[in-house]
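Colleague: Sequence:
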Amino acid sequence: MQRYFIHHKLDENGLFSIEGEDYKHIVRVMRMTVGDRFISVLSPAEVYESEIVEIEDSYLTGKPVVQIDHQSELPVKVTIAHGLPKGDKLELVIQKATELGVSAIKPFSAERSIVKWDQKKGKKKAERWNKIAKEAAEQSHRSVIPQVDEPVSAKQLRSSFHEYDAIMMAYEEDAKSGESSNFYQVLNQLKPDSKVLVIIGPEGGLSESEVEQFTEDGAVSCGLGPRILRTETAPLYILAAISYHFELMR
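Following our numbering, the numbering of the sequence shown begins with 1 at its first residue and continues without gaps.
A hint or two may mislead.
[What the hints assert, rightly or not] If you anchor each label on the Cβ, the simulated ranges turn out as follows: (1) 165 - 29: 35 to 43 Å; (2) 218 - 147: 17 to 25 Å; (3) 156 - 114: 15 to 23 Å; (4) 71 - 204: 35 to 43 Å; (5) 28 - 124: 18 to 26 Å; (6) 155 - 13: 49 to 57 Å; (7) 114 - 155: 14 to 22 Å; (8) 28 - 204: 16 to 24 Å; (9) 181 - 30: 47 to 55 Å; (10) 72 - 208: 18 to 26 Å; (11) 193 - 8: 23 to 31 Å; (12) 185 - 14: 47 to 55 Å.
Please keep in mind that the hints were generated in silico from the structure rather than gathered at the bench.
C-beta: ideal position from N, C-alpha, C; glycine also.
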């Protein structure tokens, strides 16, 4: 059953409206009609099987019918801070990380980022990133759409460290040296609803100065096994490991 995030609150009759791209998808792509049902997400705690009661030229009206009690969010809130990579790699990360349960994605301009952020085109790019996150959240039956921010500097990223209960960074030199316990130790210290920031470098990884600065500000450097992972693979590995630790080892 198709899932849609509802941006309008219920009115006095207990109904909601859908317009814009979601309206077009329901009516023109899915070809739904009055009486058809879909899943509506009004908030993380308000997920319903809903029914179309009216279709107009530019919007439709729906009503919640049966509340769905299904928890699909990770027990911990994971934010991925990703050094800007080349091409469309970040789009892949956004899509797959959303499917794996990420809470937010913070791109940042790393020393070794080849891509330079264009402020003029930035807003449009960020809109596309958030659209990708929304579609992936619907596909994977999430009840929350991850927030994807416009890129920040490494200094701005460090200034946000106080918002998190734990900070880890993937550092390939640790993997080369055989470090294999820090990731596990960080996970063991986390509790449900903990906020964790995971820092991933771009192609070429994090520079020594970045690693030193992040470490001084509280980040824990972690190896991710004996193999060197691509920049777009590392965050997915981490999210899968966190899911296994908190959701499958219970």
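Colleague: Against the earlier hints, flag every one the structure doesn't satisfy and list their numbers going up.
Modeller: 8 and 10
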